[in-house]
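Engineer: Here's the letter readout for the chains.
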Amino acid sequence: MNHGTSLLWKRRALSSLSSTRRGLPKEKMSENGMMSRPKVLTIDTINPTVKKVEYAVRGPIVQRAVELERELSEGMKKPFAEVIKANIGDAHAMGQQPITFFRQVLALCSYPELLSDSSFPEDAKSRACRILNSCGGNSMGAYSASQGIDSVRQDVARYIERRDGGVPCDPDNIYLTTGASDGIVTMLKLLVCGEGATRTGVMISIPQYPLYSAALAELGAVQINYYLNEEKCWSLDIDELQRALNEARLYCNPRALCIINPGNPTGQVQTRECIEDVIRFAAKERLFLMADEVYQDNVYAEGCQFHSFKKVLFEMGPEYSETVELASFHSTSKCYMGECGFRGGYMEIINMDDDVKAQLTKLLSVRLCSPVPGQALMDLVVNPPQPGEPSYERFIKERTATLSALAEKAKLTEQVLNTVDGISCNPVQGAMYSFPRITIPEKAIQEAKKLGQQPDMFYCMKMLEETGICLVPGSGFGQKEGTYHFRMTILPPTDKLKILLNSVKEFHQRFTQQYS
Amino acid sequence: MSSMQQVNPKVRGIRNIVNLQGLAAQITQQIAKGEQKPFQRVIDVSSGDPHRTGMRPLSFARQVLAACLYPELLKDNSFPSDVRQRAQKLLGVCNGGSVGSYSASSCGIPQIQRSIAEFITRRDGGVASDPEDIIFSSGSQTTLMLVLHLMSSGQGPTQAGVLTPLPCPHTLPMLLDEAAIKLIPYQLLEEQGWALELEELQRALRAAKGHCEPRAIYISNPGNPTGHVQDLKTIEGVIRFAASEQLLLLVEEVYQDSVFGQEQKFLSYKKVLFDMGPKYSDKVEMVSFHSISNGILGECGLRGGYMEVINMDPLVKSFLMSMQAPYSPPVLPQLALEIMVNPPSPGDDSHEVYSQEVLQRAEIISQNARRGCEFLNNIAGMSCQPVMGGVFLYPSLQLPVEFIQQAEVLGMQADVLYCQKLLEQEGVCLGPGSENGHDDKNFHIRLCVLAPPAVLEDVLQRLSSFHLRIQERHH
Chain A
660 MNHGTSLLWK RRALSSLSST RRGLPKEKMS ENGMMSRPKV LTIDTINPTV
710 KKVEYAVRGP IVQRAVELER ELSEGMKKPF AEVIKANIGD AHAMGQQPIT
760 FFRQVLALCS YPELLSDSSF PEDAKSRACR ILNSCGGNSM GAYSASQGID
810 SVRQDVARYI ERRDGGVPCD PDNIYLTTGA SDGIVTMLKL LVCGEGATRT
860 GVMISIPQYP LYSAALAELG AVQINYYLNE EKCWSLDIDE LQRALNEARL
910 YCNPRALCII NPGNPTGQVQ TRECIEDVIR FAAKERLFLM ADEVYQDNVY
960 AEGCQFHSFK KVLFEMGPEY SETVELASFH STSKCYMGEC GFRGGYMEII
1010 NMDDDVKAQL TKLLSVRLCS PVPGQALMDL VVNPPQPGEP SYERFIKERT
1060 ATLSALAEKA KLTEQVLNTV DGISCNPVQG AMYSFPRITI PEKAIQEAKK
1110 LGQQPDMFYC MKMLEETGIC LVPGSGFGQK EGTYHFRMTI LPPTDKLKIL
1160 LNSVKEFHQR FTQQYS
Chain B
6 MSSMQQVNPK VRGIRNIVNL QGLAAQITQQ IAKGEQKPFQ RVIDVSSGDP
56 HRTGMRPLSF ARQVLAACLY PELLKDNSFP SDVRQRAQKL LGVCNGGSVG
106 SYSASSCGIP QIQRSIAEFI TRRDGGVASD PEDIIFSSGS QTTLMLVLHL
156 MSSGQGPTQA GVLTPLPCPH TLPMLLDEAA IKLIPYQLLE EQGWALELEE
206 LQRALRAAKG HCEPRAIYIS NPGNPTGHVQ DLKTIEGVIR FAASEQLLLL
256 VEEVYQDSVF GQEQKFLSYK KVLFDMGPKY SDKVEMVSFH SISNGILGEC
306 GLRGGYMEVI NMDPLVKSFL MSMQAPYSPP VLPQLALEIM VNPPSPGDDS
356 HEVYSQEVLQ RAEIISQNAR RGCEFLNNIA GMSCQPVMGG VFLYPSLQLP
406 VEFIQQAEVL GMQADVLYCQ KLLEQEGVCL GPGSENGHDD KNFHIRLCVL
456 APPAVLEDVL QRLSSFHLRI QERHH
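Here the protein sequences line up with chains A and B, keeping their order. Under my numbering, the first residue of the first sequence carries the number 660, and numbering increases by one thereafter. Under my numbering, the first residue of the second sequence carries the number 6, and numbering increases by one thereafter.
The hints are simulated quantities; they were obtained by calculation from the structure and are not laboratory data. There are no misleading hints in this set.
Think about it this way: if two alpha-carbon atoms lie no more than 27 angstroms apart in a straight line, the pair counts; the simulated DSSO-like pairs of lysine-lysine are:
no.	chain 1	residue 1	chain 2	residue 2
1	B	Lys80	A	Lys784
2	B	Lys322	A	Lys711
3	A	Lys784	B	Lys38
4	B	Lys284	A	Lys698
5	B	Lys322	A	Lys848
6	B	Lys80	A	Lys1056
7	B	Lys322	B	Lys284
8	A	Lys710	B	Lys288
9	A	Lys1121	A	Lys1102
10	A	Lys943	A	Lys891
11	B	Lys15	A	Lys711
12	B	Lys15	A	Lys848
13	B	Lys238	A	Lys698
14	B	Lys94	A	Lys1155
15	B	Lys15	A	Lys710
16	B	Lys322	A	Lys710
17	B	Lys214	A	Lys698
18	A	Lys698	B	Lys322
19	B	Lys288	A	Lys698
20	A	Lys710	A	Lys1139
21	B	Lys288	B	Lys270
22	B	Lys276	A	Lys698
23	A	Lys1016	B	Lys15
24	A	Lys943	A	Lys848
If you want the footprint, here are the derived chain A segments under chain B, 3+ residues with CB under 8 angstroms:
no.	region
25	843–854
26	997–1008
Keep in mind it's a predicted model, so treat the numbers as computed, not measured. Ideal Cβ placement from N, Cα and C applies to all residues, glycine included.
Could you build the full structure based on these sequences and the hints that come with them?
Structural biologist: So this is what it looks like as structure tokens:
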């Protein structure tokens, strides 16, 4: 063996020694005498919790939808002319128009030379100047403080005070985040601790928005399911909360309770009484309340009203308002703005221990700051044009048009789906989705099992292939055992929505026939 | 009420922030309220944030973004035709033709993934890049965090570790803390312009054995904060080291467009890897990072970056992508990235202005670096290595014993106290070397030189007079 080769063997021997010690699989000599080196990152060496992360909204059915789009564009014949992605709450993708004022201000912020352009209204210009003055170097391209631009946080605080009938809001309790998701996941991360029976448990509604289950899985926290009552329009039962909590106490340490109001995927808008009950429950059981309120302007049903958790909390008096820990979340992605691509969001933290809050601040600072355009947009959302200002009329017109179109579509969806035998749709009180219950014939269930699919995934996949409509099966959100649902957005323009709903109806009838 | 004991130990384990920027903001507010200070305004050059220091954004980029934000601007001649064309093209790749929609994939807008892949191929002289290997996120901390989370495992002697340069980017130690990954420092050689020495890598790895499981080596090239640009020999050596020691390469190349040393050139790790042949290019796992927070665009506040994932196990990659799935990267920065890799071409309306602006920036940064280095080397008690790239100067500080003692009494690192006093007395905010990992008596400060020359001059003068005062006072 020559010198070079012996060195080679020596190096290999040493490194394979280090590999073993480092818990990495040893090199193997394969048949042709070549060393096959396993990878550094393998299923066995990576973080065990990441393997459990799933997110149905962008899951396998969407991948298939994208494939079908590609096939269509390549000229393949399909029983439909286009794929409709009714799986994701993306209003602009479905043709909703942005609010002119917001986009004008943001364009001015992007290229301030436009301030001399007379086609922009004065109020947009003054708003842009105000935002730019709060930015480092007067540019949206500078990092902001990690908690967010100071003047924006102050504006958010004032918005919350106005919204909540004067209940005071401290700007120090406001954190600007990269969408509400960032805030939610950061809070969950902050609260997760313990091992085994003391591991943090987090209560979440079933059905839920799968960001929560994904985050809890990745954090290795315990997911505690509480079931919403489908028969009572997806309402929340305190008895059910208690049941879930009591059971969970046997194997984990329940510390937080997540509520989505208005609900996703269910659209239910909680009554004031219900919110009070939840607050009392959280107080009694010492739970950290996380109120996801991103759909707060999306309320359609008569008799329904958005009540912010914070407002109700404070109106219940100091016994609660001084003790119950609450984090509430908002975003620029939904409501009448639909600006998902900006990743704008905020959270308000109430009654958090100062030291814990310092840890939260520290955690957020690791990522430097949230996107500044999103912060600027959030500023405009909480501080829209006022009566008398040049852009006010247009703003109100656009906002009203968008919200009333959504209300109309919510009603239409409920009506049409309820005419279908085997589909039962609760009123879409708010948010952006319908979550109807579907009856799947036994034969289809068996077929699904054979394919190793959830029955509602099987159903939705078939619908996709036959109609081009992409929905998300209820199994992606959680549902009572033996029930099946799908989530469909109400976002397509009314004409298209009518066609969509009809296609869904016809598909369901065909499907039921086929598997009877 | 939740208490400290109930906070996630991983969060508690994140080292505390040195919040000089918070103090800087506070002082700025005090000035705005009319409080008297020994200076008119605060100058913050502690991070690689050129807009903050007064550098203007690139016109073409901001015009295109403005038109994308408010497409009404496309209807008239507010902007040159190439701006309008580009805006139209970019709006065409956004769902619903709006920058407000989610990206079609959580990994990014597919057409822009393709643009980036094409850019990388061009840059690397034809080495293929797959758009499916490009993952966008809101800034390089977030992209890096994904990978760190992916590899985080174990505790104590089985805790995953990353070989990390000393000094490293000041945001890195906290990221490692958050991911519960052990920081294994390898010293860069200050006397040689902060070069990387292979023996030191090997020493660091040996020292780590038994204390943790080294899984990766982090490289910053051009160096942040050192400004060192690695040569071919070094890069090949690191790649061989990573191959033989089975380490994942995490290569941060954000300042690849800011190289101004006379003999130096940016060499991408990926290109070198592929030039070394299949023995390495088929095996070595690598993730390289880039972002718009760089020396050219400097759009730190937009928060946009990407990573290219090379040779990752396909199953592991699918998990990486599923981690990313619930989070949609912001759209505007992706458009900015596209502009970054496909600037105006010769003949385009905006080409002249664009080229001038880029050239001007390149000149400013190289002149500032030279000027700054020279100036600092002339200050007694300061020593600055020549800088070949990046956006920082990272001089060493000799501090009087009394000053160091004063810091100890206050429970602070001396360089942090130094920076705090500098801020309070002169209104200049620099970064302490302890943020970059230097937590011993080897004090350094970092300052960003991507600033208007007059601003840098102001900073240097103030720093100089402050430093001399410190030396005199604590003699």
